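When you line the sequence shown up against this note's numbering, it's residues 1 to 562, in that order.
Treat each hint with caution, since some may be false.
[Stated by the list, open to error] The list that follows gives simulated cross-link-like pairs (lysine to aspartate or glutamate, EDC-like), each with its CA atoms no further than 20 Å apart:
{"id": "1", "residue 1": "Lys314", "residue 2": "Asp399"}
{"id": "2", "residue 1": "Lys105", "residue 2": "Glu43"}
{"id": "3", "residue 1": "Lys464", "residue 2": "Asp506"}
{"id": "4", "residue 1": "Lys349", "residue 2": "Asp339"}
{"id": "5", "residue 1": "Lys64", "residue 2": "Asp95"}
{"id": "6", "residue 1": "Lys518", "residue 2": "Asp475"}
{"id": "7", "residue 1": "Lys499", "residue 2": "Glu236"}
{"id": "8", "residue 1": "Lys52", "residue 2": "Asp95"}
{"id": "9", "residue 1": "Lys14", "residue 2": "Glu97"}
{"id": "10", "residue 1": "Lys350", "residue 2": "Asp339"}
{"id": "11", "residue 1": "Lys105", "residue 2": "Glu46"}
{"id": "12", "residue 1": "Lys290", "residue 2": "Glu481"}
{"id": "13", "residue 1": "Lys300", "residue 2": "Asp248"}
{"id": "14", "residue 1": "Lys300", "residue 2": "Asp250"}
{"id": "15", "residue 1": "Lys223", "residue 2": "Asp248"}
{"id": "16", "residue 1": "Lys314", "residue 2": "Asp248"}
{"id": "17", "residue 1": "Lys223", "residue 2": "Asp250"}
{"id": "18", "residue 1": "Lys52", "residue 2": "Asp99"}
{"id": "19", "residue 1": "Lys64", "residue 2": "Glu43"}
{"id": "20", "residue 1": "Lys290", "residue 2": "Glu325"}
{"id": "21", "residue 1": "Lys307", "residue 2": "Asp399"}
{"id": "22", "residue 1": "Lys105", "residue 2": "Glu54"}
{"id": "23", "residue 1": "Lys14", "residue 2": "Glu43"}
{"id": "24", "residue 1": "Lys290", "residue 2": "Glu236"}
{"id": "25", "residue 1": "Lys464", "residue 2": "Glu325"}
{"id": "26", "residue 1": "Lys499", "residue 2": "Asp475"}
{"id": "27", "residue 1": "Lys307", "residue 2": "Asp250"}
{"id": "28", "residue 1": "Lys14", "residue 2": "Asp99"}
{"id": "29", "residue 1": "Lys314", "residue 2": "Asp459"}
{"id": "30", "residue 1": "Lys499", "residue 2": "Glu481"}
{"id": "31", "residue 1": "Lys307", "residue 2": "Glu325"}
{"id": "32", "residue 1": "Lys105", "residue 2": "Asp95"}
{"id": "33", "residue 1": "Lys499", "residue 2": "Glu449"}
{"id": "34", "residue 1": "Lys518", "residue 2": "Glu449"}
{"id": "35", "residue 1": "Lys499", "residue 2": "Asp399"}
These are computed hints drawn from the structure, not numbers from a lab.
Bear in mind that the values here come from a model prediction, so they are computed numbers and not experimental data.
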Amino acid sequence: MAENFYTILTNTGKAKLANAQALGTTVQFSSIAVGDGAGNYYEPAESQAALKNEVWRGPINQIKTDSENPNWIIVEVVVPTTTGGFTVREAGIIDSEGDLIALGKYPATYKPALAEGSGKDLYIRMILEVSNASTIMLKIDPAIVLSTRGYVDDSIAEHNTAPLAHGNLPYLKTSEVVVSPEPNKVLKLDAAGKLPGDITGNAATSSLAVNATYWNGRRLLDKASTTQPIGLVLVEPGGGAGFWDWVDLDGNPVMPPPGYFSSRPEYQISVSMVDNQAMVEISQFYFLVKTLPSGPYAGKQARFINKTAFSGAKLHPAFLNGGVEISSFYIGAYEAFGDGETKTGSSVKKPPLVSIDFPTMVSRCNARNVSGVTGFSLINIYQIAAIQMLAHVEMGTTDSQSVFGRGNCDSPVPYASGGWALSTGYTNAIWRGIHELWGNTWCMVQGLENRNGAIWVWDSGGGKSFVNTGEVFPDSGHPTEMHVASGANFDLSALYLPKTTISSQDNGTYSDYFWIIKDGTTKVCYHGGYWNYGSRNGLFYLNLNNAASSSTYSIGGRIAKV
1 MAENFYTILT NTGKAKLANA QALGTTVQFS SIAVGDGAGN YYEPAESQAA
51 LKNEVWRGPI NQIKTDSENP NWIIVEVVVP TTTGGFTVRE AGIIDSEGDL
101 IALGKYPATY KPALAEGSGK DLYIRMILEV SNASTIMLKI DPAIVLSTRG
151 YVDDSIAEHN TAPLAHGNLP YLKTSEVVVS PEPNKVLKLD AAGKLPGDIT
201 GNAATSSLAV NATYWNGRRL LDKASTTQPI GLVLVEPGGG AGFWDWVDLD
251 GNPVMPPPGY FSSRPEYQIS VSMVDNQAMV EISQFYFLVK TLPSGPYAGK
301 QARFINKTAF SGAKLHPAFL NGGVEISSFY IGAYEAFGDG ETKTGSSVKK
351 PPLVSIDFPT MVSRCNARNV SGVTGFSLIN IYQIAAIQML AHVEMGTTDS
401 QSVFGRGNCD SPVPYASGGW ALSTGYTNAI WRGIHELWGN TWCMVQGLEN
451 RNGAIWVWDS GGGKSFVNTG EVFPDSGHPT EMHVASGANF DLSALYLPKT
501 TISSQDNGTY SDYFWIIKDG TTKVCYHGGY WNYGSRNGLF YLNLNNAASS
551 STYSIGGRIA KV
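All chains, please: the whole structure from these sequences, using the hints.
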């Protein structure tokens, strides 16, 4: 039975907040405590004055009101790498007087100790809905803050919009001629977002765009650049996730400011109801994988995307259906659930549909195509790859867990003992409205097969016929390089299929694992990992171990629609 996770105010918390509102005072939140629930889940009670079994307590990292709902208070803490050896199942907010104000039931997440050979920061967020947010003092000690990516992005955005931000930097004079970008000089834009007309660019190697600025030698991307190709280059392989940098088509390093990708047209990704199912629409884009001919990264491989066509680029194959170009496709915002006895669906707070084999999952996804409804199917490898490519360029890394969220990856219960998949929408493994993209349950994926190590894929024209690429998969391990070969009716540069692997995760270039068996038979594809695979899970994890007849309670699916 799926568990529900939530936060409640204790009786003490209710009384203190009510008293603060009546007297015009405030309650100051001080710390967050986490516990292991004495080894099991339990339902929090308003009468509790303490966690059932506290294992760690630390000062609050950030506290703020939600930008969309002013009555939501968001409280965050980071359990540091140096602390561990326990499973978190409960969390509580403590005020400055040591009282438990709120209590939450938390998805079981194992926090390793360094002595176990693994370490990670654990980020915990609690959300409280209160009638009057002004009764809570929004105050933290900046000396103890451990910065998350979201905290840094928010802080940078807030700083950049402050009236006196950058006031002491040496702006170029309006009569100054720009000879080359200077890392410590900022080009000041006018009210229209452009440079004064008498600043000119005459560099020997390139001309200065009228609306460009520079940051640490990189061109700081502006609104005008959102319709131009942006690329991500692999600067150095290894290190667990590779070392990457954003570049323009000429190979020059660029810097996307906070919020930049949300302004790009290919990232205008929306959630809507289609046939009463929660679906996420991905709009078409063009891509290019090429070796950079010039710039500081000359000779290195970069992957570019853009909403519209550009020199050398191709429409991503996810937007071809039966040889016909389509403007977008939809995928389920959530893992597939059993919608009646014959269909799958996509909705929040549903147990994932598992314990059926691959042909049955395909059949149940197709079963939505009745009464005039068409285009539903099980998600395919090109649709997965389109999401991977957009997210990869946006992240600037391959470590989706550290950027977007760990997800349900650390359940102490192995699948052989019954598993611990959470209901849909309950984890933080989310990218732009798509939930549980990794962890929780494996996702069956059409269009890719392992035939004794040989790579067979659906044709790149959207015909859904398998093509022998002539290329082979490596052995299991952590990917260090992806295939980019192309040929008649296939283009592996549109996909993320490992070409080489290494046994050590710390030396991999793609954070996630690749799992394969080559035994002379055909194996189907699963994506993302499941609840018990820890740091191996992620956006780039592929499993090509199982026959289509396999079924177990760790393997599910996701619907798609064209």
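Given the hinted pair Lys52 and Asp95, is their alpha-carbon gap at most 20 Å? Roughly 18 Å separates the two Cα atoms, so the pair holds.
For the pair supplied as a hint, Lys223 and Asp250, confirm whether the alpha-carbon distance does not exceed 20 Å. holds (19 Å)
Under the criterion that the straight-line Cα-Cα distance not exceed 20 Å, is the pair Lys14, Asp99 satisfied? holds (12 Å)
Given the proposed pairing of Lys105 with Asp95, does the C-alpha separation stay at or below 20 Å? Within the cut-off at roughly 19 Å; holds.
20 Å limit on alpha-carbon distance, applied to hinted pair Lys307 and Asp399: Roughly 24 Å separates the two Cα atoms, so the pair is violated.
For the pair supplied as a hint, Lys290 and Glu481, confirm whether the alpha-carbon distance does not exceed 20 Å. holds (14 Å)
Pairwise hint evaluation, Glu481 against Lys499, where the allowed Cα distance is 20 Å at most: holds (5 Å)
Pair hint Lys314 and Asp399, alpha-carbon separation not exceeding 20 Å: violated (26 Å)
Given pair status - Asp248, Lys300, alpha carbons within 20 Å: holds (13 Å)
Are Lys64 and Glu43 close enough, with their CA atoms no more than 20 Å apart? With a Cα-Cα distance of about 26 Å, the restraint between Lys64 and Glu43 is violated, given a limit of 20 Å.
Hinted pair Lys499 and Glu236, Cα distance within 20 Å: Distance ~17 Å between Lys499 and Glu236 Cα, so the pair holds.
Are the Cα atoms of Lys464 and Glu325 separated by 20 Å or less? holds (14 Å)
When held up to the earlier numbered hints, the structure conflicts with 1, 3, 19, 20 and 21 and fits the remainder.
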